[in-house]
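Enquirer: Next come the chains, spelled out residue by residue.
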Amino acid sequence: MTHAPAPTAATTAAVLHPPNRRRVQLLVALALTASAWYFSWLLVPGRIGNPWLYGLLVVAEVFNVVQALGFWWTLLHDRPRRRPVPPPHWTTVDVLVPRYDEPVSVVEPVVAAATALRGADVRVHLLDDGDDPEMAALAARHGVGYVTRDDHSGAKAGNINHALGQVDGELVLVLDCDHVPHPELLRRTMGHLADEKVAFVQTPQYYANADRNPVAAAAWSQQALFFGSIARGKADLGAMFCCGTNVLFRRAALDDVGGFPQDSITEDFELSLRLHQRGWRSEYVAEVLVQGLGPEDMSAYVGQQLRWARGCLSALGRGLTARLPWRTRLQYVLSSMYFLSGWTVLVYVSLPIVRILTGEQAVAAASADSFLLHFAPYFVLSIATVAVGGAGTYAFSAFALASASCWIHVVASLQVLTRRKGRFVVTPKDGAGLWQPLSVWPGLVLCLALLGTAGWGLVQSRDAGMLNNVAFCLLHVLVIGTGISWALRPRFLERRASAVAPGESRWQSADGRPHDDDVVGRLVPAP
Amino acid sequence: MTTVTSSRVRSRTHAPAPSGVRTATRRQSVALLGQLAAGAGNLVVSVLLARVLLPGEYAELTAFLAGYVLLHTVASSVTAATALDPDLHGRLRDRAAMAGLAVTVAGVLATPLLSDALGLSPVLVLLLAWSAPSATLLALARGRLYGLGRAGGTAAALVTEPLVRGAVGLALAPVIGPAGAAAGVVAAGYLSLLVALLAGRGGDAATVRAAHGRTSAAVTIAFLLVAVMAAQDVVVANRLLAGDEAGFVAAVATIGGAAYFATATIPMVLMPSGGDESSRGSLAVALGAATAVSLGLVAAVALVPASLFAQVLGERYAEVGPYATGYVGAMAALGVAKVLAARLCMTGRSPVAAVLAGLAVVVQLTLLLRADDVADVVGATAAAAALFLVTCAAATLLAPARTPVVARSVPTVVTPPRAAVADAPADADSGRDAPAAHRHPRRSWGALLRDGWPLLVALVVGTALRLMVTRSIWLDEAISIRQVQQPLGTMLVDLRENDVHPPGFNLILWAVVQATGSTSELVVRLPSLIAGVALIAVFWAMGRDLWDRRTGIVAALVVAVAPVAVWYAQEARMYSLWMLATTVALWMQVRILRDARDGGRGRWRDWMVFVLSSTALVYLQWFAVLPVIVQHVLFLGCLCRADLRRLAPRWIVSVLASLALFAPLVPFLLAQARSVLSASSTTPGQTGVGASEVVGDSPDVYAVLANTIWSLWGYHADELMVQASALWPVLLLLCLAALGRGRSIPVGVLVAAAVLPVVVLFGIGFERRQLFELRYFTSTVPVLLLLVSRLVATWARGPVSRLVLPGVVVVSLLAGLADQQVNQSNPRTYDFRGAVSWVERTAEPGDLMLYAPAFLEDELAYYSAGIRAESTASLQPGTPGLGLPRTLGPDDSIFVFASFLDEQGTSGQVGQTLAQLEQQGWTRTDTHKVANVTVWQLTHDKEVAQ
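For the record, the sequence lines run as chains A and B.
The opening position of the first sequence corresponds to residue 1 in our numbering, with each subsequent residue numbered one higher.
The opening position of the second sequence corresponds to residue 528 in our numbering, with each subsequent residue numbered one higher.
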C-alpha cells in the first residue's frame, strides 16, 4: 500500500523528533541503576538527621522517583505507531470551534482553515459563548454554522454539549478557537477510527508563538516533552487522553458517555477517563497538524496551569479507583500526580533555608563526598534521560517555569482538598505585556527568602557547610528567578515579540493559515 | 548552458600568470642570485673601504651606512605593497619624491643638530639627507619590478648598488675620505633607481588592477613591522645591556642580518603571482627557497668554528657561535614567515599580517625589556619570530578560501547560476560588466579591525598575563632543563632509561636551548609561552568556525585569562603544547564530521592536520593517547551510521598514517615500560597533589570536584579549595542549563573528549590514586573552557545579560588567576628562586648548603647559590663532624635548605639533620621562609665547640 507523505514532516521533525531508542533504553537502564544506588544509600536509618526534615526529604524523593519511573516506563513505550489506514467510507465531520471572548483576528484563521479541511464532508460550527455579533458576521462570511445559547453553564464542555445536540455528523473534530488546522488534518487522523473501538484521535497542541514569546516558548518546551515521547508512549500503552483541542471524536463514543462532563474544569481529562472506562480506546498522531497560540505572559500561564492542576488532581481519586487495565490506570494516576510535584520543590527549597537558620539538616552521618557519590549519578542520569527522551526539546526555561510555578500545585491541591469550586478560565491568547508581579508573587517571596537567608548565612559563617547551603539557595534563586523573570520584564517580552516578523505566528503565514499544498491529494484522490 | 566570458585579459606587458613551478623557480632564482650578489658585493666593497680609510674614518662611514640602511629599511616597507599592486608606483611616485625631498630639506636644516647627535661630519649628514628621495623612489621602483615579474631587472638594480659603490666610493675615498665613500653609496642608490626605472619601462600599469589604498597601507605596515622586528633588538639591547653584552648582541645581529637580507627578495617575487589555488606552486617554491636559504645559513653558522668568529669579529666574540646560530635561526624563521605574510597579503589579508606582525613586535619588545643578557635578547627575537611564523602559518592554513587580490590573467569562463542569468541585463555577456564580476570581496582595514579587535585584545592581555608573575623553575622543569643540556643522543638515552615521558617536548626544548645557548627561565619556557598564546588564536578561530563570532570572542577572552592555561604557559613542560595540540585535533575532527554531515568526506587538509596534531599529542605525553583514542572511537561510532560511513576510507588512511608516525616511538615506549616495571617506583613525581583535601587511597567525588575547579579556576590554597568545592551545587545548575542544548556535533565531540579521558583515569585512579590528577587529563582543560565559553555565549538572550554573563565568567577567572599567581599559600607554588636568592645574598664563600629532600638536586643545580650544596642524606651521623667537609671553618655557615616538609619522611629527615648539627655545635641563627621552602642558617657555636 502506498502511504501518503506527512504534510508537515519538517515541522514535526523539528519540534517532536523521536529520540534514539537505543540511547533511551541505555539511559533508562543506567538511570534505574543510579536511582537504586542513591536510594539504597538514602534509605538507611543511620542517615536520619532531623527526623521531620528527613521524612520530608524522603517523601519528596520517593515521589519524584515514582514520577521518574513512570516517565522512564513511558519512554520505553515510545515506539513508532502503526500507520493509519484510509477511512472505510466517506464520512461527515462536524468541526466544533468553541469560543468565549477571543477576538476575530484570533478566530477567523481557524474558521477559514476549518472550512478547507479535506477528506470528509466537513461542516464547521462556531460555538460562540460570548454572543458577539462580530462572530456571527464572521460565521456568515465563511458560510459556517453559528451556534449560541441562552444558558452559558458548563463552560467549554457545556458549549460543546449544546452544539452536539444540534449536529449529527459521524465524527466530531474539536478545535480551540486559536488553533488553526492543516487541510490534511482529517486525512491523517480519520484512518485510526476505522477501528470501531477507537473513540478519539488526539494530535499535538503546538504553540506557534513560541518563536516570539519566551513564556510561550517555555510552555511549549514543557508541552513538547508531553506531546513527544510521553504522548507516543501513552498511546502505545493505550492511555493517551484527550487534551481538549485538536482531537477527532467518534460521535457514537461521545454519546456513549453522555458528552463532555460538565462537572470538571478539565473536561477533556475526565472525558478520556470515562471513555476508557467504557472500553473505548484512544489513538495519537504525533504530527503537527494544528498550530495554536500558547500563553503569552505569566498571568495566562498561571491561569492555565492552575486549571490543569485542579482538574487533574480532582480526577486522581477516580483514576485510582477506575475499572481500567492496570497500565492505563497507572498512567492516569501518574499524570494526575504530576501536579503534586510542586510540593517537592517547596521541600527542596526549604531544606537549605532551615539548615542555615537552625543548623538542622535532613541527612546526618554523611559527608558531602558520600552524598555526591550517590546523588550525582542519579541526578545527572535523570536529567540526561529527560534531555535525550525529549530529543532536546525540554529546555532549562521549561524547568525554570515549572519550578517557579510550584506554588500552583500547592494551591490547586489545597483547593481540591477543601473542595473549593474552580472556575473555567480561558487561557488568554494575547500577551498583556505588563508588569505582573502579582501573578508570580509566591515565587518572588521564595527568591527573597532564599536570598535573605543566604546573606544572613554568609554573615554568620563561611565554612564549607554554610557555603554549600548558600550555594543551594542561589541555585534555587537562579532557577525560580528565571521562571518568574518574564512577569517582571514586560519590555523584554515586547522586544522579543517585535524582533520577529510581524503578522501571524501560526503557520508562519500572513493570514495565519497553512499553505495549501495538497501533497496527499496527489496520492489519495478524494472521491 | 549560458556562459559569461571575462573580458579581463591582462596586457602582455603585465606579469604573466604563473605558468607553474618552473616560472616561479626561475624568477626566484634570478632575484635571489641578484640579492646574494649584491650582498656579497657590498661586503667586498666594505672590506676594501676598510682598507682604504683610516679606522676613525671607517667608523664614521659605518655610522653613515647605519643611517642610510635605516632610511632604506623604512622606505622599503612600501616595496611589498607595490609588488602586490604595481600601479601604486604611478600613484605614489610624486608623493614619495616630495616626501623624500621633505626629509632632505629637514635633514639639511637640521644638519648641525644631526651632526652632533649622530657623530657624523656635516658633509655626511648632508649626503645622508640627499639620499632620502632615492630611498622612497627606489623602494617603489623595485616593488614595481617585482610586481611586473621582471626578475632580471630586479637583479640588475640590486647588483648596480655594489658596483657603483665600489667604483665611485673606492675612487673618491682615497681623495676625500669617508665623504667620498658615502658619495659612492648615495650615487649607487640613485643609479640603482635609474636601472630599476629603465627595467620597468613599458609596464602598462593601467591594466593592472589597483589594490585598495587601505590594503596597500596594511601591507606596508606589515612589512615595516617585520623590519622593526629584525632591528629593534639591537637598539633595545644597546640601551639596556652593559657595553660588552650590547656589543655581543651587535655582533650576533650582524651575522643574523645576513640571513634576513638573504631572504628579502623571496616574498617580493612571490607577491604578484596571485593568491588563488593555481599559484600554490609559486608559494611552494618561495617557501622552499626561503627554507633552503635559511637552513643553509643556520647550518653554515653552526659549523663555523670559534676561531673563525674570533678572526672575523675579534677575539672577544670567539664564543658568539651558539648565540649566532640561534639568532640566524630566528632570522630564518622570520624569512619563512615573511613568505607566509606575503601570502596573506596576496589573499587580501594584509591587515591580518599586520596585526600578527604587530603582536610579534609587542611580544619581542616585552621580552627584550626583561632581558638580562645576550641569551635573553636572542630568545626574545627567536620567540617573536617563531610566534610570527606560527601565527602566519595558522592564518594561512586555516583561512577560508578567498578570492586573490591579484586577478588571474587568463580568460575566465564563469557559469552563473540560473537565477543570475535570468536576472542579468541583456548585455551581461558583452564583457562590460565582467570586471564587476571580478571585483573582489575584500574587506577594508577598518572592517577587519572592527572584526578582529577582540582577538587583538585577547592576545595582548593573554601574552601579558603569561609574562607576568612567573614562578620558580619547578622540579620537573629542572629535570627537563638538565636533560636538554646533554648531547641529543645522550638525552634520548637518558629519557628512554630514566624517564616516563615521550621525547617530543624534550626535543623541542633541546632545540631551543641549543639554538639560544641559554637556559634562562624565559628561554626554557618559550615553547610553552608560544603555545599558550597560540591557543588564544586557535580558540578564536575555532569558536568562529564551529559556531559564531560571539563564541569566538568569548572563547578567546576566556582562554586568555584562564588560570590553568596561564599556569602551564609559564612552565617548561609539555602541558601547554598538549592543550594546543588537543584543541587543534578536536577542531579538525569536528570540521571533518561537519563536512561528512554535509555530504563530504572531510577535507584532506583537515585530515592531515588532525593526524599531525593527534600524533604530536602522543609525542608529548603518553597520557595524551587517551583523548586520541576517544577521538578515534568517536570516528568509529560515526562509521556505524550509514550516512557517515563514507568517512571510512579517509579515516583508515588517517589511522594508518598515525600509526606510521607513531611507529618510531614504539621502541622508546617499550624501553620505558621495561624500566618502569623493573623500578620500585613506577609513578612520575607529583605536583601539589595535596593542593586540596582530595588525597586518599582512591579517587572520590571531591577529587573530581577539585580537578574541575582546577581546570577552570586554577590552583589555590587548601582552605580555598575546600570552600570552592562546597559550591558544587553550581554544577547542578550547569547540568540544568544544558537541558535543551548540546545536540550539535561540536558540543557532542567536545563533551566526549572532556569526559571520557577523565572517566578512564578515574578508574585507573583506584589502582594508582596519584594518576587521577589534572596534569594527566590536560586535554580536558581547553575543552571545558570551550564548552563554558559556548554556554555563556549563548545562554543569555537579553542585551544586558549577553554582556554580563560572559563578563562574570571572565572576572571570576581573573580572580582565580590572581589568587593562583599571587597567593603564596598555593600549595603548588614553590619559591626555590627566592630561597636560593636569599642564601646567595647571605652566604659567604666556603659556606655549605645541605638540602632535603635529595631530589632537589636538579633544582639547586639550576638555581645555584654560589656555594657547595649537598644532600642531607650525605651526612654520616656516626662519624665525627658528621662527615662535613673539612674545609668548613669556624666562621662559615651551614644552610639547611628544605622543602616538601608536609611529607613525613622529609620533615623527619630535616629535623634529624638540624638536631645532629646542633649536637655538633651548630646554632640556628636565622630562618628564611618562602612559599613551601624553608632555609635555616646555622653558625658554629664556638663555646659548644670548645
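It is worth saying that the hints were derived from the structure and are not from the lab.
Hints may contain errors.
As the list claims (entries may be wrong) - For the chain A half of the interface with chain B, some residues (derived, Cβ under 10 Å), not all of them:
#  : residue
1  : Y100
2  : V104
3  : L357
4  : G359
5  : Q361
6  : A366
7  : A368
8  : Y394
9  : N468
10 : N469
Just so it is clear, CB atoms sit at the ideal spot from N, CA and C, and this is done for glycine as well.
Enquirer: Can A/N469 be said to touch chain B, with a Cβ gap under 10 Å?
Expert: 9 Å, holds
Enquirer: Using Cβ atoms only, decide whether A/V104 comes closer than 10 Å to chain B, and label the hint accordingly.
Expert: Given a least distance of 33 Å, the restraint on A/V104 is violated.
Enquirer: Could you check if A/Y394 really has its C-beta closer than 10 Å to a C-beta on chain B?
Expert: 6 Å, holds
Enquirer: For the hint on A/G359, does the least C-beta distance to chain B fall short of 10 Å?
Expert: At about 16 Å, which exceeds the 10 Å cut-off, the nearest Cβ of chain B leaves the hint on A/G359 violated.
Enquirer: Once the shortest beta carbon distance from A/Y100 to chain B is found, is it less than 10 Å?
Expert: 33 Å, violated
Enquirer: Quick one, is the A/L357 hint okay against chain B at 10 Å, beta carbons?
Expert: 18 Å, violated
Enquirer: Interface hint check: A/N468, Cβ to nearest Cβ on chain B, cutoff 10 Å. Holds or violated?
Expert: Holds. Min distance 4 Å.
Enquirer: Do the numbers back the hint for A/Q361, that is, is its least Cβ distance to chain B under 10 Å?
Expert: 14 Å, violated
Enquirer: Does the interface hint hold: is A/A366 within less than 10 Å of chain B, judged Cβ to Cβ?
Expert: Constraint on A/A366 not satisfied, violated at 12 Å.
Enquirer: Grab the minimum C-beta distance from A/A368 to chain B and call the hint holds if it beats 10 Å, violated otherwise.
Expert: 7 Å, holds
Checked against the numbered hints given earlier, the structure breaks hints 1, 2, 3, 4, 5, 6 and satisfies all the rest.
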